[in-house]
Amino acid sequence: MIQIRYFALLLVVAFSASQGQAQVKKIVRFSSYNSVGFVAGASPVAFAAQTINGVELNDDWFAGIGFGTDNYFTNTLPLFVDVKKVFEWKKIKLFLYADGGVHFITGISKSSTTYSSSVTKAREYLDAGIGCKFKIVSNQHVFLSLGNTLKTITTKETFTYTDNSDYYLTRNKLSRISFKIGYQF
Amino acid sequence: MKITVTKKILPLGIALLFLLQQGCVKDVCSKTFTYTYFQPLYKTTQEVRANIKSNAPKPVVNPGKIYIKGNYIYLNEIDKGIHIIDNSNPATPVNKAFIDLPGNVDIAIKENILYADFYTDLVAIDISNPLNAVVKKYLENVFPMRYYYGYSVDSSRVITDWVKKTKTDNLECSSGNVMIMQGGGVLFNAMDAGLASAGPKASPVGISGSLARFALVDDYMYSVSSDSLKITNVSLASNPLKASSTWLGWGMETIYPFKDKLFLGANDGMFIYGLQNPANPVKLGTFTHVRSCDPVIADDNYAYVTLHSGTFCQGFTNQLEVLNIQNILSPQLVKTYPMTSPSGLGKDGNLLFICDGKDGLKLFNAANPNAITLIKQFAGVEATDVIAWNNIALVIATDGLYQYDYSNAADVKLISKIAVEK
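Just so you know, the sequences run in chain order A and B.
Start counting the first sequence at 1; every next residue gets the next number (the numbering used here).
Start counting the second sequence at 1; every next residue gets the next number (the numbering used here).
One chain only, chain A, in its complex shape:
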């Protein structure tokens, strides 16, 4: 269900981005969003940082590839696609964003004992939220965002004591609030 919500938001952003495109002259340029922040949930608050690089169209929508670090629960490195829709409200630039991708365990992901072996894998990574950005100079902004991010981590412990390959599978779906502050150019 959580994934469906993120997907729905992605559609909303994409749909919104498509509005009015026919009315404007297309201006495409490279853009980069770089942020630090934190993620907070049921587990202790953790540091997070990202860099997202892509193209911006007419200063009102953006699509790019993001990479970062997310230290919540266990440190992982997200790799994702990001879509943003920018709009103005009372001279303030607001944006909706939606991210979807995968992430990677940075620490030890495999271990074994005499009787069992354990493999930890990072699964999907999703993030969606709203932000605002403030112009510094032309095409350069500082931005803040608040969102809801999800990452899933599974651990499979397989018993080697028998030939039956019995295993435990633990799945942690970590839904958090993400707060980011960053610089966009």
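No lab work stands behind these hints, which were simulated from the structure alone.
From a predicted model like this one, the values you see are computed outputs, not experimental measurements.
Please note that a few of the clues may not be correct.
Stated by the list, open to error - Across the chosen pairs, the derived CB separations fall in these ranges: (1) A:Ile108 to B:Leu333: 28 to 36 Å; (2) B:Thr45 to A:Phe104: 45 to 53 Å; (3) A:Ser112 to B:Ser88: 48 to 56 Å; (4) A:Phe67 to B:Thr32: 27 to 35 Å; (5) B:Thr340 to A:Ala40: 50 to 58 Å.
To be verified - Straight-line C-alpha distance at most 27 Å; calculated DSS-like pairs for lysine-lysine: (6) B:Lys43 to B:Lys164; (7) B:Lys43 to A:Lys121; (8) B:Lys422 to B:Lys164; (9) B:Lys43 to A:Lys156; (10) B:Lys26 to A:Lys156.
Glycine residues also receive a C-beta, built at the ideal position from the N, C-alpha and C atoms.
Dock chain B against chain A, hints included.
Just chain B now, with coordinates in the frame of chain A:
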């Protein structure tokens, strides 16, 4: 042109707020345990007993212990029964019949009577005509250790087969990850199933491999469980009688009779019992070693013990030990030889066959126990036990029953194979 807050944008904000609200912040943990187990299929004792006879041959699927008597090979199909193979011509063995005998892992033959375990019971079967085997007697509760935990002892029903099942249970994330013996099923004990077959001995009995747990000497049959020696009086072969039971200590694995002695392989050593009083064997000597699985065979002067490691065997030792048993009260280590994962072994004269796991079957010249030398290695044959007799090495392997002609030790030849059906 920038899009301003309009009726188009407002729903987006509402949607976003809804999504964020729904997303909430929580760590959701789910945990499952997926396992396979074996569920028993039952038949009534009456039905099963009625079918303990020479039935149509069946393919070899999970071979256990082997026994030779006359021109026939009796090959245990673990927990299922006994294949009867006409080996009049070792080059063309013919699978002739199958005795359905649930719970069977061990066999021994005296005269024309085949003794076999039938779960906790011992059954005596007349094989005067192997193709028309007839049960002569059931001796109940001889092997109480063959009771499967988790199933009530119900004399009216017998487990005839096991169905492999896979199940996934949902668990609390806080529960620990431990090995679970699930109720309603059994995880087979590979050691019970795998150790099977014995060597040349005395009396008008057949020949078994080195992994046997049954041994026949004159009027008695000796069988080892993990902790005791059961003695059955078979002076009248067709009418076995319970004689006695002796506690041996834990870890007993195999039994090998030689003349008036029994050599017991245990996971912490080799024990020699004297049969001066056959009804009451007395421990004569002991040789202890590191914890390991270790079948043993012997001749007049030396005992040969293979030690191998593994989950059930514990330990980390894989070697052949040669023991001097000329002083039976105090066996002395002569020499050890490194191996890969040795299990069954057999000896005929100076030729020593060792089943060495994935390294295959190895043939050694054991004329000098201090300098045993490899003659030939048969790679690709993951052998578990061997009977070397009358210039034919009968080898049970994971993929079939092999027969080698070793009449010329320098040119040992594979003469036949009955393949295991996958």
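Hints and how they fare:
1. A:Ile108 to B:Leu333: 28 to 36 Å: 43 Å, violated
2. B:Thr45 to A:Phe104: 45 to 53 Å: 59 Å, violated
3. A:Ser112 to B:Ser88: 48 to 56 Å: 51 Å, holds
4. A:Phe67 to B:Thr32: 27 to 35 Å: Holds: the Cβ-Cβ distance is about 32 Å, inside 27 to 35 Å.
5. B:Thr340 to A:Ala40: 50 to 58 Å: 56 Å, holds
6. B:Lys43 to B:Lys164: 18 Å, holds
7. B:Lys43 to A:Lys121: Roughly 46 Å separates the two Cα atoms, so the pair is violated.
8. B:Lys422 to B:Lys164: Distance of about 16 Å is within 27 Å: holds.
9. B:Lys43 to A:Lys156: 38 Å, violated
10. B:Lys26 to A:Lys156: The given pair, whose Cα atoms are some 22 Å apart, holds under the 27 Å limit.
Consistency with the previously given hints fails for numbers 1, 2, 7 and 9, ordered from lowest to highest.
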